[in-house]
Amino acid sequence: MSKWTDSAEQAFQEHLSRTRARLEASGADPDEVAGDLRRHIDEEATAAKLPVVARQDVERILGRIGALAAGDAPAAAPAGNPSTLDLTKGRKSGVGRSISTAGLCFGIVFGVLLPLATLAVEYFTGMCNSTLFDPIPTPFHIVLVLCVPVANGMVLMALSRSRTAIPRTLGVLSALAAGIAFYYSIIFLPFTPFAVIGILAFGMGLLPLSPLLSFIVALATRPALCRLGGIRLFPVWLGIAIAFALVVALDTPKLATQIGIHMAASRDQATSNAGVRMLRKVGSLDTLLRQCYVGNRFASDVVGAVCSLCANPVPPEQVRDIYYRVTGTPYNAVKPPKITGLRGGAMVNDNEFDFDRGGDAVASRIRGLALSDSRIDGKLDADQGWCYTEWTLVIRNDARQQHEARAELVLPAGGVVSRLTLWINGEEREAAFGSREQVKTAYTQVVERRRDPVLVTTCGKDRVLLQCFPVPPNGGTMKVRVGITAPLLLVSRHEAVCDVPRFAQCNFDLSFYNLHSIWFESKNELFAPGMIYEDVKDGGTAVRNLLPNFVLDNGMSVHARRNPEVTTVWTRGLRATNEAICQAIEEHAATKLQRVAVVIDGSSRMNSHRDAAAHVLNALPEGVERAILFAGDRCNEVSDLTSLRFVGGCDNVPALERAWDFAAAQSNSAIIWLHATQPIELGATGTLEQRWFRRPDGPVLYDIQFGGGPNVVAAKLDQVTAVVRLAGTTNGTDRLAQLKDEWRGAAPHLEFKRWRADNAVTNGTEADAHIARLWAHDHAMELGASRKKAKRDQAVELSQRYQLVTPMSGAVVLETAEQFKAAGLEPVDAETTPQVVPEPCATGMIIIAAGLLLARRKHTEKSRPEVAPTFPARA
Amino acid sequence: MRDQQDYFDNWIVQVRKGVLEFYILAALYTQERYGYDLVKTLVDQPGLGVSEGTVYPLLSRLRVQKLVTSRLEESTEGPVRKYYALTARGKQIVDVMDEHLTALIQGSRKLRQRGE
Numbered sequence: 000m001s002k003w004t005d006s007a008e009q010a011f012q013e014h015l016s017r018t019r020a021r022l023e024a025s026g027a028d029p030d031e032v033a034g035d036l037r038r039h040i041d042e043e044a045t046a047a048k049l050p051v052v053a054r055q056d057v058e059r060i061l062g063r064i065g066a067l068a069a070g071d072a073p074a075a076a077p078a079g080n081p082s083t084l085d086l087t088k089g090r091k092s093g094v095g096r097s098i099s100t101a102g103l104c105f106g107i108v109f110g111v112l113l114p115l116a117t118l119a120v121e122y123f124t125g126m127c128n129s130t131l132f133d134p135i136p137t138p139f140h141i142v143l144v145l146c147v148p149v150a151n152g153m154v155l156m157a158l159s160r161s162r163t164a165i166p167r168t169l170g171v172l173s174a175l176a177a178g179i180a181f182y183y184s185i186i187f188l189p190f191t192p193f194a195v196i197g198i199l200a201f202g203m204g205l206l207p208l209s210p211l212l213s214f215i216v217a218l219a220t221r222p223a224l225c226r227l228g229g230i231r232l233f234p235v236w237l238g239i240a241i242a243f244a245l246v247v248a249l250d251t252p253k254l255a256t257q258i259g260i261h262m263a264a265s266r267d268q269a270t271s272n273a274g275v276r277m278l279r280k281v282g283s284l285d286t287l288l289r290q291c292y293v294g295n296r297f298a299s300d301v302v303g304a305v306c307s308l309c310a311n312p313v314p315p316e317q318v319r320d321i322y323y324r325v326t327g328t329p330y331n332a333v334k335p336p337k338i339t340g341l342r343g344g345a346m347v348n349d350n351e352f353d354f355d356r357g358g359d360a361v362a363s364r365i366r367g368l369a370l371s372d373s374r375i376d377g378k379l380d381a382d383q384g385w386c387y388t389e390w391t392l393v394i395r396n397d398a399r400q401q402h403e404a405r406a407e408l409v410l411p412a413g414g415v416v417s418r419l420t421l422w423i424n425g426e427e428r429e430a431a432f433g434s435r436e437q438v439k440t441a442y443t444q445v446v447e448r449r450r451d452p453v454l455v456t457t458c459g460k461d462r463v464l465l466q467c468f469p470v471p472p473n474g475g476t477m478k479v480r481v482g483i484t485a486p487l488l489l490v491s492r493h494e495a496v497c498d499v500p501r502f503a504q505c506n507f508d509l510s511f512y513n514l515h516s517i518w519f520e521s522k523n524e525l526f527a528p529g530m531i532y533e534d535v536k537d538g539g540t541a542v543r544n545l546l547p548n549f550v551l552d553n554g555m556s557v558h559a560r561r562n563p564e565v566t567t568v569w570t571r572g573l574r575a576t577n578e579a580i581c582q583a584i585e586e587h588a589a590t591k592l593q594r595v596a597v598v599i600d601g602s603s604r605m606n607s608h609r610d611a612a613a614h615v616l617n618a619l620p621e622g623v624e625r626a627i628l629f630a631g632d633r634c635n636e637v638s639d640l641t642s643l644r645f646v647g648g649c650d651n652v653p654a655l656e657r658a659w660d661f662a663a664a665q666s667n668s669a670i671i672w673l674h675a676t677q678p679i680e681l682g683a684t685g686t687l688e689q690r691w692f693r694r695p696d697g698p699v700l701y702d703i704q705f706g707g708g709p710n711v712v713a714a715k716l717d718q719v720t721a722v723v724r725l726a727g728t729t730n731g732t733d734r735l736a737q738l739k740d741e742w743r744g745a746a747p748h749l750e751f752k753r754w755r756a757d758n759a760v761t762n763g764t765e766a767d768a769h770i771a772r773l774w775a776h777d778h779a780m781e782l783g784a785s786r787k788k789a790k791r792d793q794a795v796e797l798s799q800r801y802q803l804v805t806p807m808s809g810a811v812v813l814e815t816a817e818q819f820k821a822a823g824l825e826p827v828d829a830e831t832t833p834q835v836v837p838e839p840c841a842t843g844m845i846i847i848a849a850g851l852l853l854a855r856r857k858h859t860e861k862s863r864p865e866v867a868p869t870f871p872a873r874a
Numbered sequence: 000m001r002d003q004q005d006y007f008d009n010w011i012v013q014v015r016k017g018v019l020e021f022y023i024l025a026a027l028y029t030q031e032r033y034g035y036d037l038v039k040t041l042v043d044q045p046g047l048g049v050s051e052g053t054v055y056p057l058l059s060r061l062r063v064q065k066l067v068t069s070r071l072e073e074s075t076e077g078p079v080r081k082y083y084a085l086t087a088r089g090k091q092i093v094d095v096m097d098e099h100l101t102a103l104i105q106g107s108r109k110l111r112q113r114g115e
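Protein chains in written order, with numbering that gives the first Met the number 0: chain A, 0 to 874; chain B, 0 to 115.
Heads up, a few of these hints could be off.
To be verified - Listed next, with one range per pair, are the computed distances between beta-carbon atoms:
1. A/T191 x B/T29: 49 to 57 Å
2. B/K109 x A/G62: 41 to 49 Å
3. A/V247 x B/A84: 22 to 30 Å
4. A/G62 x B/D97: 28 to 36 Å
5. A/A24 x B/M96: 19 to 27 Å
Calculated from the structure, these hints are not laboratory results.
Just so it is clear, the structure is predicted and the values come from calculations on it, not from any experiment.
Glycine included, C-beta positions come from ideal geometry on N, C-alpha and C.
Looking at chain B on its own, in the form it has when it is part of the complex:
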């Protein structure tokens, strides 16, 4: 039982690493969000199990890769907020990733159904 849990944990880590960028891009698909809000949103996603500190380096990398843009805006409630938004290329990537993941999920389900 213990071995089974460890195996799952390892697998889920791999999965999370793979989908985290997709989640970030998806969260920005319809609206721009500031970093703290984005992090909190992602953390609240069930099953994603992402730590807050992990998101920022990914955001930076996505910005370097020109998938997202950022801008600073003064806030009356606290420190300056850094808003992130998808670039056109980022949107294309999200669409492609979404299609690809959907296809993967559907493929895996088909395989399971055939096996049954």
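Just chain A, same shape as in the assembly:
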């Protein structure tokens, strides 16, 4: 078919304009005749093999064929040559168009402007997305929707100018637009009655009708377009089919996600696992993440909306578990999903409100809240077997409103918070220690008044929850200090070791490279991998360095050389004159391990720790009956790690239960649990807890966590004394050699034991008050485990007297004395608190001493390496 030049088209239109009135008067359809003439010209041009039809060709052909000559002249027409008649005099408004003026206006308003306005409103405000579902979740959806006003506009333009140069393309576009408009009309059909009522009652509600009105315009203009072009248009049913196919193709991952979510939520384990596998393979993580967030929508997208009508929606709490099982990452550890539109921010606007403020969960990250400064000062005495660490944190808030900072801290094994300080207006305020309910109530009340409090409570074995509120907005900071007293773990009589505290999780930004200034000092010789070693003036040593957060995350410990001759020490009881606390090294005879069950977490985060896990397996003694259980989507017994596939997040409890059943069949057995963080409680832990509750002397559970993060399963086993979190490093692998000896029955197990004596003075060396705190902690735990209220009250009293944060007590700093008084609390005397760094009066001396030390170091550094010397072999 030949192409028409613009001037040819113009000549043709001019001809039509001249003859239209005459044709109408003759009873013919002008548009149809125009189409016929156009085809005639095309036939002639094709016969003449004209590639392009020019103006001259049109004029020549029209002149030759005598278009609208005498033959079609109405009876009333004057005689003569009709082609010479001036037909333009019959022209009036609307003549020359293939559509009436009213129709054109209707089409432009409801077929072009309204859909454009609707799209713009949704894009810029997310109105539908924030209340119902997201109608334009991807750029492809936007393009599809944009097709409707564009196609309608082009059709209306062609009709208004009677131009049919691209009828076929326009026909296809028109059908597609009708199809897309029809699809969205169906989606918005449930809201159409409300929209109509809204328009009638309030004059508002036109936007939901936009698809329907666009569809009507697209349909209504097609017959005129058909007549104008004189061709058969692309069928509208085919356009609808293509539109549906396109949208379904775009939404296939979402559809698969919805199906996968419902399968994964099934109570049938096989179906649930199949759903999780399906989500991993073809699911949309974005859709899954959206459904993790609570909102006032019933679904996050069109497919979700339809699915929610067909089946009961899975609650967000359950979707969060599914998200973890699919990805191995908690939903709140990743950024909330973006929505289309210039709102551009998160789906849940975390700048607006923190739903977990004052609660017990760390919950999701708060935008603008970040760790600004962190220093960890430690002091330890390996002979006496204690370590005191002060962790000073400065949290900065760049958001525009005040926020609560929350963090779960992992303490050294057996550690207890013994000091809490908040800086208010540059002054240090010490905490009050009270019962857990008392301090939480005080904190909550003050939080409601938006004044400065800080609260520390326990949240599992060796873990505490730190809450600070309010961190002032616009760059404001909050500075707190947490003092931790912890027992040292005896590696041998010559060596002891203590963990460095770390974050399990926090709701403020903790960059991968956040630096912690760590400084430990002792009169004993210290060693810590990656730390700078130096002497201090009184003969002790120090290790210090600036370390990124991921080093702490992977676990870090400080080793100390000790005097094996020191076996027994004592100290006075705090705020009690008639008691003394004694400590001695207790040696347990070596017994050979009979049976061991190893549980390997199948979560994706274990991928990077495969070698470390293999190292643990290699450390298992020969000749011990063993079972290796892989806690993947299902619990399987395996022989080695080579074929294991770590993927998603896995529930380890069934494997632990099976391991317990295997190990408990023999006395002197153990379970070694090699796992990554367990941030989500996927299954009930009650039956696991019950096993140790009924068999307290059951197998020992060695809890070896690789990498940072919370462990909710271990938190549930808080009261189980058989659970041993390996110290040394957090992943515990460097203690394996020692454990291997113990498991073989070749080495005795050594530990510090503390008890209360009635007399103030007893045998051995007088030790620091930390020994008393450690005893009080142990004793409070024992009393707190009792079912008798009197004993639990004693535990609270003991915790308060020794200023400790135990499961029965907490520490809170309030802003004013009135607030303390109102809460029935009394802040501790600053002189009674433990401390690492000497008071300011002594600081000057230290500076001088440091200068002298520096001079000495310069003198001696050539003869001594910076890293610590190798410790002697274990006894």
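Fit chain B to the given chain A structure using the hints.
What follows is chain B alone, placed relative to chain A:
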């Protein structure tokens, strides 16, 4: 002589106007034809003297009057073709017109014979 020619021309125009629709319908009586083919066929009819451009408005009018129907069909040789076919009513009209014209011709011949 000149006046006689003008008179004939005027008369033949009137006749053509009268029979053109009959010709179009007759051309479609046995088979459907596409517009261009129909036009060429009519143009080739001796004595009809119809211009091509005249046929299309008539076809449109006949379609509006439901005497013919049209349909579009793709063509491998050129542009889309619009095929015309007679409706049942169109066929009845053709039959009536044919009878009527035959009767007119026969009547006029009889009149001439009587006159002779």
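Take a look at whether the Cβ-Cβ distance between B/K109 and A/G62 falls inside 41 to 49 Å. Holds, since B/K109 and A/G62 (Cβ atoms, about 44 Å apart) stay within the stated range.
Do the Cβ positions of A/A24 and B/M96 conform to the proposed distance bound of 19 to 27 Å? The hint (19 to 27 Å, Cβ to Cβ) holds, given that A/A24 and B/M96 are roughly 24 Å apart.
Honestly, do A/T191 and B/T29 meet the 49 to 57 Å range at C-beta? About 53 Å separates the Cβ atoms of A/T191 and B/T29, which means 49 to 57 Å holds.
Could you tell me whether the CB distance from A/V247 to B/A84 stays inside 22 to 30 Å? 41 Å, violated
For the pair A/G62 and B/D97, does the Cβ-Cβ distance stay inside 28 to 36 Å? 34 Å, holds
Comparing the model with each numbered hint stated earlier shows that hint 3 is the single one that does not hold.
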